[in-house]
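We have chain A; now place chain B onto it with these hints.
Going down the list, the sequences are from chains A and B. In terms of our numbering, the first sequence opens at residue 10 and continues consecutively. In terms of our numbering, the second sequence opens at residue 9 and continues consecutively.
If you're looking for bench data, these hints aren't it; they were derived computationally from the structure. Note that the structure is predicted; figures quoted are calculated from it, not measured. Ideal placement from N, C-alpha and C gives every residue a C-beta, glycine not left out. There's no promise every hint is true.
Between beta-carbon pairs, the in silico distance windows are [unchecked claim]: (1) A:Asp44 / B:Ala125: 48 to 58 Å; (2) B:Gly113 / A:Gln270: 16 to 26 Å; (3) B:Arg121 / A:His39: 52 to 62 Å; (4) B:Gly28 / A:Asp44: 39 to 49 Å; (5) B:Ala78 / A:Gln23: 14 to 24 Å; (6) A:Ser247 / B:Pro108: 13 to 23 Å; (7) B:Asp38 / A:Pro92: 52 to 62 Å; (8) B:Asp21 / A:Asp93: 56 to 66 Å.
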Amino acid sequence: MADDVKALSAELAQDPDSLVFLRLGELLRHKGQLDAAHRVALTGLERHPHLADAHDLYARVLADKHDFERAFDEWDMALRIAPDHVGALKGLAFLYFKVGDVQQAAAHLAAAQRVAPDDPGIAQALALAHGGEAGQSAAAPAPEPMAAAPAAQPLEEARVFAGLEGAEEGLLLLDPSGRVLGGALKDPAGRDVTDAVAAYLAGVSQEAGRTAKLLGLGSWTGLAAEGQHGHAHLTPPSGSALLLVVRERAVPMGRLAIMAQRAAVAARRWLEAQA
Amino acid sequence: MTTAPAGFGRVLDLVTRVRGVRGAMLVAGDDGLVVAEQLMEGIKGPAVAALAASLASRLRRALEAAGVGAGQFWHLQAEKGALLVVTAASGILVVAVAEPDVNVGLVRLELLRAAEAVG
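Chain A with its partners taken away, still in its complex shape:
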């Protein structure tokens, strides 16, 4: 196998634009050389940003490295490029399983099965999803057993933000009256402060909207706040719902805004599904 790595590396060195990086990255991944696989996948992705397989490979490596938030983004991107990409569908199913959203996981597996009806791994994972049983699954692209997660994390609040970092301690979705729709919030000491924060934020969405309107600024799109010990970002994902993202001060405000946008997409999807 080492020879394969050498041969593929040589081939890639000869022709850096070659798609051989996909095989090399996957091989390194299977060998557990995750840093090397990461470099190969990222370089390949830079050369082929519109190739769904490149995003899929990069997502697999990220998932191996337990960077599930970015893996989610990469698989999501792969699906935007190629809506029937089986690898991405299976990958997202894996992540949904991880956060306990069996329904979404099953939906993604069903979509994968429509594209690849003869894939026994998908059928097996789908059967497990429908049965709600824990166990091993060949459909899981990442190193962890796909179906082991549902029983471990069946949190209702995690479902809104499936696959996103901080789903249980740094993301909160509220209705206009301050009722929690999803997510949860913990303070730096680990205490659950979800209800208190939700109560104080009741009506903020409407007030921000009124302020923007009064100033002739159109609709409000976000509210970033800088505290002594952390940063917060509020977004109206749809209607008058309010999404709060909180992170420590080390996370730059710009990065927080990006995280908030991702969480808002998930929240919007969830809200639409509930409608």
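Relative to chain A, chain B alone:
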């Protein structure tokens, strides 16, 4: 543009000289009354001040409850512009109304300087 009393006027100048800033205000954080203002015509200073103070109060309580600490700076983004606010040590809010493409980092710095000058 409406004018501010001398002294406060110089503080507000720090903010309004930034390109893209349409106006600035000093607002009493506890009751939402305008202390001083330099606003473009057409902006309803007292109403904006009241809403800004109310938002600041809610945010402060929410951030403190979340363990983030007292809010130092906040930035309301909208389709056609932004409202940027820094709280001075005395509780006075230094408020800027800006165009959407304003240099937020620069406005923040000037707001912090203005807040320091206000005390």
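Hint check results:
Between Asp44 of chain A and Ala125 of chain B the beta carbons are some 51 Å apart, a value that agrees with the proposed interval 48 to 58 Å. The given range of 16 to 26 Å is respected by Gly113 of chain B and Gln270 of chain A, whose C-beta atoms sit roughly 19 Å from each other. Hint check: Arg121 of chain B to His39 of chain A, Cβ distance near 56 Å, so the stated range 52 to 62 Å holds. At about 44 Å, the beta-carbon gap between Gly28 of chain B and Asp44 of chain A stays in the expected band of 39 to 49 Å.
For the hinted restraint 14 to 24 Å between Ala78 of chain B and Gln23 of chain A, the CB-CB distance of approximately 60 Å leaves it violated. At about 22 Å, the CB distance of Ser247 of chain A to Pro108 of chain B agrees with the hint of 13 to 23 Å. Between Asp38 of chain B and Pro92 of chain A the beta carbons are some 54 Å apart, a value that agrees with the proposed interval 52 to 62 Å. Between Asp21 of chain B and Asp93 of chain A the Cβ separation comes to about 60 Å, which falls inside the hinted range of 56 to 66 Å.
Violated hint: 5 only; the structure is consistent with all others.
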